[in-house]
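S.K.: Those sequence lines, one after another, are chains A and B.
Take the first sequence: its position 1, counting from 1, is numbered 1 in our numbering, and each next residue is one higher.
Numbers in our numbering are just positions in the second sequence, counted from 1, shifted up by 1000.
Treat the hints loosely; a few may be bogus.
To spell it out: a stretch of chain A is covered by chain B in this simulated footprint if at least three of its residues, at any positions, have a beta carbon under 8 Å from a beta carbon of chain B; those stretches are [what the hints assert, rightly or not]:
#	region
1	53-63
2	106-115
Distance windows between CB atoms, simulated [what the hints assert, rightly or not]:
#	chain 1	residue 1	chain 2	residue 2	range
3	B	Gly-1288	A	Arg-69	52 to 58 Å
4	A	Arg-69	B	Pro-1309	54 to 60 Å
5	B	Gly-1182	A	Arg-69	53 to 59 Å
6	B	Asp-1136	A	Arg-68	42 to 48 Å
These aren't lab readings, by the way, just hints derived from the structure by calculation.
Every residue gets a Cβ at the ideal spot worked out from N, C-alpha and C, and that includes glycine.
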Amino acid sequence: MKRFEQDKINGLEMRLTEQELDKRLDSAGQQQVRTMLQAMPEEPLSLSWRSELNQVLAAKRDSKIRRRRIAWFLSPALGLGVAGALAVVTMFKTPEVRTSQISGDTIEAQLVASHRNSIRIADVTGVGLNSYEVIEGKNTSTVTPGSDLDGVDFGSL
Amino acid sequence: MMSSRFVSAAVLAGLTASVMAQPHGGRGGEIPEIIRKVINASQKLRYSGKRNVEFQKGPDWDRHLEYVQKDGPKTRIEYPENGVFRGLVIVETERERRHYYPDLNQIEVLPPRREAMLSRLEKMFNRRRGRPIDIDVADGGTVAGRDTKLISILGPDGKPFQKIWVDESTYLVLKRVVYDRGGQAVGTSEYVSVDYRPKFGRNTFSLQVTGAKIVTPRNELDRLVAKMGFQGMTLPPKDPYKLESCRIQRIAGQSALVQNYVNADGQISLYQVRGALDPKKLREFSRGDFGVYCWQEGGASFVLIGDLPTDALRKIADRVTS
Chain A
1 MKRFEQDKIN
11 GLEMRLTEQE
21 LDKRLDSAGQ
31 QQVRTMLQAM
41 PEEPLSLSWR
51 SELNQVLAAK
61 RDSKIRRRRI
71 AWFLSPALGL
81 GVAGALAVVT
91 MFKTPEVRTS
101 QISGDTIEAQ
111 LVASHRNSIR
121 IADVTGVGLN
131 SYEVIEGKNT
141 STVTPGSDLD
151 GVDFGSL
Chain B
1001 MMSSRFVSAA
1011 VLAGLTASVM
1021 AQPHGGRGGE
1031 IPEIIRKVIN
1041 ASQKLRYSGK
1051 RNVEFQKGPD
1061 WDRHLEYVQK
1071 DGPKTRIEYP
1081 ENGVFRGLVI
1091 VETERERRHY
1101 YPDLNQIEVL
1111 PPRREAMLSR
1121 LEKMFNRRRG
1131 RPIDIDVADG
1141 GTVAGRDTKL
1151 ISILGPDGKP
1161 FQKIWVDEST
1171 YLVLKRVVYD
1181 RGGQAVGTSE
1191 YVSVDYRPKF
1201 GRNTFSLQVT
1211 GAKIVTPRNE
1221 LDRLVAKMGF
1231 QGMTLPPKDP
1241 YKLESCRIQR
1251 IAGQSALVQN
1261 YVNADGQISL
1271 YQVRGALDPK
1281 KLREFSRGDF
1291 GVYCWQEGGA
1301 SFVLIGDLPT
1311 DALRKIADRV
1321 TS
């Protein structure tokens, strides 16, 4: 209902011409309102109020500059800090601990251990005598050509 | 503005940290310069020296002294007259290696052994598979009267599995210590004296003894196979991997025929045991350090172990014939 009335008013005003509007503005009532407004005293802005306003504005501006300066330092520092923390975690990360325990008494374990020891000792001896050549002791009188090595336990090397 | 500066700084720091966190030579194809110099020196240096070698043998340590003469890839090693290896002579050239056993009047002819440690080290840095290794270089003090650099070769857990002291001027490895997984030293070799101006004779790097019997590892393999009743399964003589040694070894209470093969890439071992083995356990025990390939034939189990992927070992296994 209200919307209908508003539409009605808008329609009425749309239909008013410019001349009719001037006529209305020059009406006695409008003149009276104009006179009243002109008669009102003009109050000048207080200088002290302006000064206070300027001080507040200046304080706010200084605060903003300080915040910008802090942000200028903090933003890269924060980035460096986060990245540095990640780097520390990466660099000093505790190596993965292998928890599987190997039972050394199975033939599979001893086969692998035999090869591993052979490689380790070869690293030490280089082009010299390797561990098996030392153990065989072919140059000693205790071993004869074609001797049976079956009794020698190399597995413990 | 703040976010862009934050991101830039984070990226910069991240890149720096990632570079710092990288091992010196853990990435494929990146051999540290000092390691490269050591490898090159091992094939070029000319020197003679006395070297102490010690390694763990069960609960005890074996110790012996070697007199080393080296001219590039050629080596001659002799042993003290008052030791158990008196009269034993080793001569190695690019083509072959010879051991002369005077008591047996026998010369064993073997494939060249070279510096297995250095070739393995080079391979570790070169290969793209496997676990990263790192090195740490520090002042090594004096060894054999020479100033040295100490290179610690660190495993993935950060523990050294080998330390080498190299001459600062010549890059000769003057001392090395090898460690087990627990960080205990299992072997050392150390020069006590070295002479970089040696005088070699015309025959220093040849080994011919009139009347000496020439034997090869294949002769020994034939003998062991016949005597112990193993299958004569082996890589053919023309295979790139050459038989370096064979022996009978007591493993978990039973006899195993062990054949060691070498080529420029390193060493592989072929084991033959009677009965079945569990391939899963073998893989578990190798812990990624080695490749393992296992198969059964004629009532026996065969295991190839080496510093190669399992697929490569399987291809080698396909070449094993009787």
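S.K.: Which constraints among the numbered hints does this structure fail? Numbers only, ascending.
M.R.: 1
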